[in-house]
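K.L.:
Go by the hints and put chain G onto chain S.
As given, the protein sequences belong to chains S and G, one line each in that order.
My numbering puts the first sequence at residues 1 to 160.
My numbering puts the second sequence at residues 1 to 160.
Read the hints as simulated data drawn from the structure, not as lab findings.
Nothing here was measured: the structure is a model prediction, and the numbers come from that model.
Treat the hints loosely; a few may be bogus.
Note that the list lumps identical chains together, so a pair holds whenever it fits in one copy or between two copies.
What the hints assert, rightly or not - Result set (EDC-like, lysine to aspartate or glutamate): computed pairs, CA atoms no more than 16 Å apart in a straight line:
#1 Lys70 - Asp111
#2 Lys34 - Asp96
#3 Lys4 - Asp108
#4 Lys34 - Glu59
Protein chains: 2
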Amino acid sequence: MDTKTFTVNPIGYVRAGEEGFYLEIAPEYRPALKGLEGFGHLNVLWWLHLYDEYREVLECDQPYRLAPAKLGIFATRSPVRPNPIALTTVAVLSIDHERGIIRIPYTDAEDGSPILDLKPYHPCEDRVRDVALPDWCAHWPQWVEDAATFDWSAEFVNAQ
Amino acid sequence: MDTKTFTVNPIGYVRAGEEGFYLEIAPEYRPALKGLEGFGHLNVLWWLHLYDEYREVLECDQPYRLAPAKLGIFATRSPVRPNPIALTTVAVLSIDHERGIIRIPYTDAEDGSPILDLKPYHPCEDRVRDVALPDWCAHWPQWVEDAATFDWSAEFVNAQ
Chain S
1 MDTKTFTVNP IGYVRAGEEG FYLEIAPEYR PALKGLEGFG HLNVLWWLHL YDEYREVLEC
61 DQPYRLAPAK LGIFATRSPV RPNPIALTTV AVLSIDHERG IIRIPYTDAE DGSPILDLKP
121 YHPCEDRVRD VALPDWCAHW PQWVEDAATF DWSAEFVNAQ
Chain G
1 MDTKTFTVNP IGYVRAGEEG FYLEIAPEYR PALKGLEGFG HLNVLWWLHL YDEYREVLEC
61 DQPYRLAPAK LGIFATRSPV RPNPIALTTV AVLSIDHERG IIRIPYTDAE DGSPILDLKP
121 YHPCEDRVRD VALPDWCAHW PQWVEDAATF DWSAEFVNAQ
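Bound conformation, chain S alone:
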């Protein structure tokens, strides 16, 4: 067992409530937002704080309609993971540097989720032209923009 441990700290929190969706960056980290203007999307790394107790889970029962009976956690985007860090690509609506607020259309993060990092979405690092997928998810949408209008209700067969 590898016993090395590293520590991470929140740089802000996801807000998802009546005031819409936004990323609230803590005052001391707001200088790090300089120059984010112009990026249409960000990669957000955030902490799955509700799943910190499930790190020992390595496999899950068929999570999707056409998936195998058992799937390893690294083959899923499940919130249950050895290191509960989520990656979400979000569109940027506006940036308020003074208040540290980045408005976004939507996120699947729980209100109050700690944010660990923001990275600009660069096509040369993040956008794959020739994607290969297993048969069980090959019919899912081919673009981030099309995910919201896809009928996911039929895809999930075992609630996580």
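P.N.:
Chain G in isolation, oriented as in the chain S frame:
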């Protein structure tokens, strides 16, 4: 100052040496690789272990030829970050479940970099069709596949 701290542990290590590039997953985490077959690319989260001491840096001097004189760290993919976690999208060449080895064509990670998480690359979560970029990087390649043949030498003006 937010004093909350979370801990992460390596699930394996990046290997980059004479035997080529691969991700070596620790024995206890190998069951989590089940069902990864068929994914052409993975998102790898890894720890920038050489940059753990530079977390207080929030801005950098013009890192790219056309970038502003000062750029916030969250507007860059610099290894210097408040939480030194890197995100790299890699192509998968082969997976050896028994030995926990995932061969990849290349990575910019240092040999021995701790791996924190593997996630399958899903176009519906990771692939943006309509990308917007600031003027200073709009001429960079539009796809991961084209990054390797681009002449980056002229782009970096201040070594990190």
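K.L.:
With reference to the structure, classify each hint as holding or not holding.
P.N.:
Verification of the supplied hints:
1. In this assembly of identical chains, the alpha carbons of lysine 70 and aspartate 111 never lie at most 16 Å apart, being 30 Å within a copy and 32 Å across copies at closest.
2. When the C-alpha separation of lysine 34 and aspartate 96 is checked against a cutoff of 16 Å, the pair qualifies only within one copy, where the shortest distance is 11 Å, while the shortest distance between copies is 43 Å.
3. Proximity of lysine 4 and aspartate 108 under a CA criterion of 16 Å is satisfied in neither setting, with 30 Å inside one chain copy and 22 Å between copies.
4. For the homomeric pair lysine 34 and glutamate 59, the shortest alpha-carbon distance between copies (8 Å) is at most 16 Å, but the shortest distance inside one copy (41 Å) is not.
In the structure shown, a violation is registered for the earlier hints numbered 1 and 3, in ascending order.
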